[in-house]
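Asker: So the chains spell out like this:
2 protein chains.
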Amino acid sequence: MESLADYFKVFSEPNRLTVLETLRPGPLNVTAVVEKTGLSQALVSKHLKLLTIAGVVRRRPEGSLVFYEVIDKSVFQLLVQARKLMLASRRQQLDALAAIL
Amino acid sequence: MESLADYFKVFSEPNRLTVLETLRPGPLNVTAVVEKTGLSQALVSKHLKLLTIAGVVRRRPEGSLVFYEVIDKSVFQLLVQARKLMLASRRQQLDALAAIL
DNA sequence: TCACGTCATAACGACAGCGTGATACTACAT
DNA sequence: ATGTAGTATCACGCTGTCGTTATGACGTGA
Chain G
32 MESLADYFKV FSEPNRLTVL ETLRPGPLNV TAVVEKTGLS QALVSKHLKL
82 LTIAGVVRRR PEGSLVFYEV IDKSVFQLLV QARKLMLASR RQQLDALAAI
132 L
Chain P
32 MESLADYFKV FSEPNRLTVL ETLRPGPLNV TAVVEKTGLS QALVSKHLKL
82 LTIAGVVRRR PEGSLVFYEV IDKSVFQLLV QARKLMLASR RQQLDALAAI
132 L
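Here the protein sequences come in this chain order: G and P. Numbering follows this note's numbering, with no gaps: position 18 of the first sequence is 49. Numbering follows this note's numbering, with no gaps: position 85 of the second sequence is 116.
No wet-lab data here; the hints were simulated from the structure. Some hints here could point you the wrong way.
When chains are identical, the list treats them as one kind, so a pair holds in a single copy or across two.
Here are the simulated PhoX-like pairs of lysine-lysine, each with C-alpha atoms no more than 20 Å apart in a straight line [as the list claims (entries may be wrong)]:
#1 Lys40 to Lys115
#2 Lys115 to Lys104
#3 Lys77 to Lys40
#4 Lys80 to Lys67
#5 Lys104 to Lys80
#6 Lys67 to Lys77
#7 Lys115 to Lys77
#8 Lys115 to Lys67
Throw the hints in and build the complete structure from the sequences for me.
Answerer: What follows is the structure in structure tokens.
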């Protein structure tokens with residue numbers, strides 16, 4: 032996680048966001064995430080690894096299972112704020128369009 | 032701007048963030064941004080176009096110049112919050128490392 | 001009209017990241 | 001020991017995007 036851009040990059044992938052959302056309610060092991068998301072196991076593992084490296088998620092082996100959980104739930108605040116800005120931007124664009132037409 | 036991931040993608044590029052930061056104090060024309068950032072003119076134009084499409088920035092032609100300005104300055108709030116989370120994540124990682132060693 | 005400064009776009013090569021299929025690794029049960 | 005379920009990783013093809021160079025388009029002043 033060198034730059035701020037790299038940090039944003041973590042959340043710039045739909046499937047990765049899906050995985051992250053899956054962990055919102057609480058810790059899950061890999062297979063559970065696979066089932067909830069419908070993504071392939073290899074892909075889920077990759078995204079979880081990336082989220083771990085990014086420090087967003089914590090890895091906790093438990094027997095033969097590996098549980099992942101969100102370290103700081105305030106990341107979801109970031110998602111919320113981003114979504115708000117996104118929607119506001121859309122409105123801005125529509126207004127600009129209306130001004131032209 | 033389909034998904035939330037796409038919105039994050041807007042801020043996941045170092046040079047694009049640099050351009051955006053340049054516009055923080057106020058509107059600038061393209062050449063001014065080029066000079067402040069040291070990036071090539073073509074590249075700056077591209078990033079500005081993307082930021083415009085994303086609804087982050089507004090394009091305002093004025094004579095032979097084209098000024099760009101940030102529409103909603105609360106995007107910088109997003110950047111700040113992201114940076115905080117990023118730094119917190121780093122601390123988490125160091126703590127985890129220390130626990131192992 | 002011509003030249004010039006400003007900005008946008010096209011075409012291209014380079015590279016990173018995604019998703020898949022196959023395979024390795026690990027813990028546990030039989 | 002062997003098998004099995006769960007997880008990680010490798011190798012690969014593919015697509016998207018980044019940055020550059022070159023060129024096009026537009027407005028302005030001589």
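Asker: Against this structure, judge whether each hint is valid.
Answerer: Going through the hints against the structure:
1. Lys40 to Lys115: both (19 Å within a copy, 15 Å between copies)
2. Lys115 to Lys104: Both, since 18 Å and 13 Å are each at most 20 Å.
3. Lys77 to Lys40: both (15 Å within a copy, 19 Å between copies)
4. Lys80 to Lys67: For lysine 80 and lysine 67, the Cα distance is within 20 Å only inside one copy (18 Å; across copies 37 Å).
5. Lys104 to Lys80: Within one copy only: 18 Å inside a chain, 34 Å across chains, cut-off 20 Å.
6. Lys67 to Lys77: Only inside one copy: lysine 67 and lysine 77 sit 16 Å apart there, 38 Å across copies, limit 20 Å.
7. Lys115 to Lys77: neither (29 Å within a copy, 25 Å between copies)
8. Lys115 to Lys67: This pair counts as neither: shortest intra-copy Cα distance 26 Å, inter-copy 30 Å.
Checked against the numbered hints above, the structure violates hints 7, 8; every other hint is satisfied.
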